[in-house]
Every structure is written in structure tokens, then in C-alpha cells.
Amino acid sequence: MAKILLVEDNEMNRDMLSRRLERRGYAVVMATDGNQGVEMAASQSPDLILMDMSLPVIDGWEATRRIKSDERTKAIPVIALTAHAMSGDREKALEAGCDDYDIKPIELPRLLAKIEALVGKEPQQ
Amino acid sequence: MSDEQITELSRLRHELRTPLNAIIGYSEMLIEEAEDENLGDLTDDLKKIHGAGRNLLEAVNRILDPSRFESRHQDIGAASVHEEIRRSLSAPLAEVFQCNERLLRSVDASRVRENFIGDLERISVAGNKLLAFINGLSQASQSQTIIPQTILRPEHRAEPTSIATIGRATVAMEAGEIGLILVVDDNEMNRDILSRYLKRQGHDVAAAAGGSEALALMKHRRFDLVLLDVMMDDMDGFEVIRRMKADPLLADIPVIFISALDDTEGKVRAFKAGGVDYVTKPFHAEEVVARAENQLKISRLQRELARQNHELMRKNDELMAARKRTELVFSALAEALPGTMLDDKYHLEHKIGSGGFGAVYHALHRGLNRPVAVKVFRPMRGNDSPEGLERFQREGISASRINHPNAVAVLDCGISTAGIAYLVMELLEGKTLTDELQEKERLTIARSIEIITPVCDVLAEAHRIGIIHRDIKPDNVFLHQAREGEIVKVVDFGLAKVLDAEKGSDLKAMTMAGKILGTPVYTAPERFFDKPYDGRADVYSLGIMMYEMLTGRVPFQPIEGGIYAVAVMHLTKEPEPLRELNRDIPEEVEAVVMKALAKDAEKRPTAEEFLQMLKSL
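Chains V and L, in that order, give the protein sequences.
The first sequence runs 0 to 124 under numbering that gives the first Met the number 0.
The second sequence runs 0 to 616 under numbering that gives the first Met the number 0.
Same shape as in the complex, but just chain V:
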């Protein structure tokens, strides 16, 4: 069972996305700010990180930079989630070291395809 770290400060988004991922057989651990996200990336060794970009304490861009510059965590794929549909965000996310990028509101099939591409296909529960 692949483990996903979801870093998201909005309670509602966290609730929705985690439940939907769990229904599809993923184990989900959650962090509510950028700092906690960086810590949990190291302590939980997830198979993939879903990173909201506008986070308190330190934002998603900075958190991703820290994860990608740490030997222990740099191999973990990160998908950036942003609310902005502006084209510059994609470049900015990739530049920060994100492996992929998606926009909110989440379209689950699209996001699942991106997750599967990065962690290998998971059997449906």
C-alpha cells in the first residue's frame, strides 16, 4: 500500500482528498503547514507528497525546496497543488523541484493518473 503525505492547511480539502485517496487504497498521512510537511517527509518516508502551495508557517514552494535539498527526502516525488490556473505557476512549481503539478479544485481521475504515474499503479480496493 503506497503511502501519501498530504500537506494542506484547509481542513475541508484535507478531509475530502484524504478520504477519497483512502477509498482507493492509499494510506494517507497529513500535515497542516509547510514546516510540519518537511518534518513528516523525513519521519514518515511517504511514497509521494501532495503539496498545497499556499501554506502557513512556510509555504509550499519553500517546503518543496527544503524536501528536495535534503538527502533523506529528495527522492520522494512531490505533486504541487495550486488554486491558481495561471501558466506561470507550473514553471514555478517545477523550478522548486516538484515532479508534477495540478490545480484545484481537484479532478480526481486526473490527479490519480499523475499519482499512479509517479508511484506505480495501485490496485483498486
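Hints in this document: simulated from the structure, not taken from any laboratory.
Think of the CB as a built atom: it goes at the ideal place given N, C-alpha and C, for glycine as much as any other residue.
Worth double-checking, as some hints may not be accurate.
[As the list claims (entries may be wrong)] Computed cross-link-like contacts, SDA-like style, restricted to lysine to any residue with a CA-CA straight-line distance of at most 20 Å:
| id | chain 1 | residue 1 | chain 2 | residue 2 |
| --- | --- | --- | --- | --- |
| 1 | L | K218 | V | E10 |
| 2 | L | K47 | L | E34 |
| 3 | L | K218 | V | E90 |
| 4 | L | K218 | V | S42 |
[As the list claims (entries may be wrong)] Short, incomplete list of chain V residues facing chain L, as computed with Cβ under 7 Å:
| id | residue |
| --- | --- |
| 5 | E10 |
| 6 | M11 |
| 7 | M15 |
| 8 | R89 |
| 9 | P104 |
Using the hints, position chain L against chain V.
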């Protein structure tokens, strides 16, 4: 486009997006669940909600697209953007409400997970937020200002005062206090004893031998209550609760501490950490079980209130839509009235105020050539039907007239030939207590007592003849400037009752008139239930008012969650001691106010008793 406009656009997008995400996300999630769990009959409406949610999002993106503003030469005014939002969002939003309400009505609690209904309710909440936001926009545009930040704060929406009558069916449904309880103790024997006792009472019980294990269990199951040992090797109870409180999904689960330490410091620390109760070891299992069940009861009460609140808001929205047209007619009428004669007796001169019940005019009694105040009632339940009007004519005076120097003198009441209910009172000069509270941060102790005492005196007299005021608040306390000096006058006696069409049901009256009366900031706890209450409910309101005068704020503020949150606070939360807010308040004054604020009406003084306490200060 100016920087200010860019900021404003992005703020609008952000404000709208959160509730939109909730509508789209939760409906999508529920479609998946309905399909997986053979609830095919529910998918139609869920898909409609989802579709409407996407339409809402598209409309928002289209209207607030920054490039659209750049491509035009002239500025698009805030008012036209707001109008466009309102126009494009109304129809899909109505669809969301309609389908969601249908689902909430048809979903059978035995057939779906508990979460299912909770998720539908989240959709309603999001819908209500959007609605409030849109309504706020149109108001803001009218006054030519940029949208005030306060729009989403519930106290700025008119809200009903009672959650009394609607949720009774759900109350009856959940009779026992049975819950899923987590016992956390590293001592195997303690764990075993408690688990067995709780199971015997019919509860579902899970046990954890340490803090980390407990937290892991909480991730997978939604517990109703946690019994938490303080001293554990791997992670102590305080750390466990700290992590629970930091996690929004766990923060609201009540925790009872169990500890071998029987010292005040430990107990204080436990309560400060967010524990709801504390038991010392060696414990009596029966006591722990009783305390646990007590907590389950409180949680149930809170859930019930949440549901009732939801239901009430829904009904309220329906009611408001229906009433809106009558309102428009009334405001047109109110403006047209000055200069006209009422029943050939009263010449209405100019409007001197308007409030929940209608508009008040400075008028002249033609026969006596004496100035009076005439209150013209807006059409509402209780006076919008022939029976209601007849009752008003019959009982209006007796219900609202108190012969007391500190009650406003009610001179006449009637129904005009045009079918408008009106009440004639002595003309007061001056301001209301609300005005005085707005001018000064707080009142002095002497001033507070000077105002409260006559109010209490009138109430004692009113209660003696069987009239409860039912709407004691600073708006209804008038500081009349008479020739001989200031006289405190209480207005609007018994109106809440007389305006109700159905006899003997004051609570319904409160609910129905509630949208107009405002938030239940001054409402006694017992009035949130459909049970009889007496004059001590007025004493509670008096206590809240006195608290506000002395400290500068009411003890229970409707910050978020509206009626529900305030009702729960009235029912369960102790007010912050007055002396912590204002050191100058003497202990005996604080003690008197706290007596009036007793949650249990039986422990509260009557108006007469309270009057004696005030006089002894």
C-alpha cells in the same frame, strides 16, 4: 486596472472559491460513495449538485478573469461586477439548495454512513456561505463601498433567535447515550475494568496501552469520547491531547483525564489542555462511567443543536424569500405614510425610527392635540391574517401595557382601515441603551446599577401580573429625557407573544419573528427548548445586559456558526468572570450578575429577588 482592483478581484475569487470547492468536492465524493454502496437513487441529485457547482465555478472564473478587465478601456465598476456575480450565481445556487434539501429529507440515517449526512450538511453550509456572500455584495454595491470584511460574519446576517421547535424528531430518535469510547491507560488492569464496565452499559469500546497507539486508533475510527491516563511511558496524556487539539479532525472529541495525581495543579493543567473532566485514581468504575455518559450527552446535545440550526437556517431562507416581497411593499408604505392620517385619529408626521417590528412615527393625536409615538407593524406572522389581526386588536393592549413609571405607556392599539396593525405609545425623547453602549466602551458600576434597577423593577411588576417581556435587550431599554430628568423606560413588552398567530406557543413566535429580532445573544438557555419557561428567562437577559454594561461586551459572542454556536455557549459555557475583564468591578457586583446568569432557571433569582440584590449593592 488599479492595484486595489487587482487585490479586490483576487480577494473575491478566494472568498468564493472555498465554498465552491466544498460543493464540488463533497458532491463528487458522495457520487462515488453512492455508486459504490448501491445508493443509486441518490446519484441523480448529487450529480445535479455537482453540475451546478461546476457551473458556479465557471461563472466565477469567467466574471473575475483578470484579462477581461484589461481588455476594456473603461473601468468596470465594482457594482456591476457584484451585480453580475449575483445574477449568474443565483440559479445554480438555487439548484444546489434544492437538490441538497431533497437529499437531506430523503436520506435514511440507517442506510448510509453517519458521514454521508454530515457531508451533505457541509454542502449546505457552503451554499449558505455563498448566499450570504452574494447578499452582502449587493448591499455593498448599493452603498458604493468595497465589500466589507464583515459580510461573512453571521451576526451581520439577520438570524432567528430560537432553535426550539424544529428538531424534536431527531431528539427523540437518539434516546440512549451510547457511544464509541477509547480507553487509554498503560495499566492493563485499569484498561480492562473500564472497558468491561463501559461495554456492560452497551458502549462500543476500544483500548490503547499508550499514547501513540491511541493516536493511531483515532486516525481510523471516529471516537465519541476518550478516557485518557495522564502518566504513560511512551507519550503522556498531555502530549496526546495536545496533538488531538492540533488536528482539526480530532480536536472536538471530548477527553476525560484519569490520573493518580490528586492535586489542583494537575487538574488545572488538564482543563487548560482542553480536557472536559478529570477523575483521580484509584477510581470507582461507576463514577467514571457516569462521567463518561454525561459527556456523551453533552456531545449529543451539541450535535442536535447543529442539526436543528441547519434545519432552521434552511426554513429561514425559504421564509425570507417569501417575505421579501411583502417587505418591499412595507418599506414603500413606510416611506409613504408621513403626512397621512391613521384611522382619522393620528396624524403621522415623520418617521423617528425603525426596527424589527416595523417603523415608529412621531404623530399627533388629532382630538387631544397631543404628540404620540405610533408604531406601525410590518406584515409578519401573527398580523398578516384576519385572525392574527383580530387577535392583535383584542389582546394588543393587555399584553403590552404595564402600569409602571418605567414602562412605556401604551395608549391605544388597533388595525387601520387599510389593514395595518399599529400601537400608540407616549412619545419618548432621548436614546436607547444601545446608543449609550456604543458611545462608551463600558459603563460605570453606578451607572449600570442606575439603569438596571428600574428595568428590573418593571419586570418584577410585569411578572407579577403574568407578563413576560421575552425580548429584553439594550434596544428595548430607552433612556427617556423628561423635563424632570432621565427616566428609564422599557419598551416592547409582550410583543413577541402577541404577534404569534398560534396561541400558547411563544417559542414558535420567537422563531418566526426571529429573523427580524436578531441573534440570541440575550436569550436564556431554557428558551432553546420547546418547554415552558417563566419570568426568570427575562432575568437571565437582564444578567447578560448588565454583564455587557460593566465589561463592554456580551459574554457569548456570535463569532462563527450563528445561532448554534451562541445557543451552545448559553447552554454549556461559563461566562468569563467579570472581574477578569474589568478589575474595578467589586466582587459582590460580580456575584449578583453571575446569579442572574445561572444556566438552570431554578437556581436563578426571580426579578423580585434580583431587585432586592441590586438594591443591597
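The hints, checked one at a time:
{"no.": "1", "hint": "L:K218 x V:E10", "in the structure": "holds (15 Å)"}
{"no.": "2", "hint": "L:K47 x L:E34", "in the structure": "holds (15 Å)"}
{"no.": "3", "hint": "L:K218 x V:E90", "in the structure": "violated (36 Å)"}
{"no.": "4", "hint": "L:K218 x V:S42", "in the structure": "holds (17 Å)"}
{"no.": "5", "hint": "E10", "in the structure": "holds (4 Å)"}
{"no.": "6", "hint": "M11", "in the structure": "holds (5 Å)"}
{"no.": "7", "hint": "M15", "in the structure": "holds (4 Å)"}
{"no.": "8", "hint": "R89", "in the structure": "violated (17 Å)"}
{"no.": "9", "hint": "P104", "in the structure": "holds (5 Å)"}
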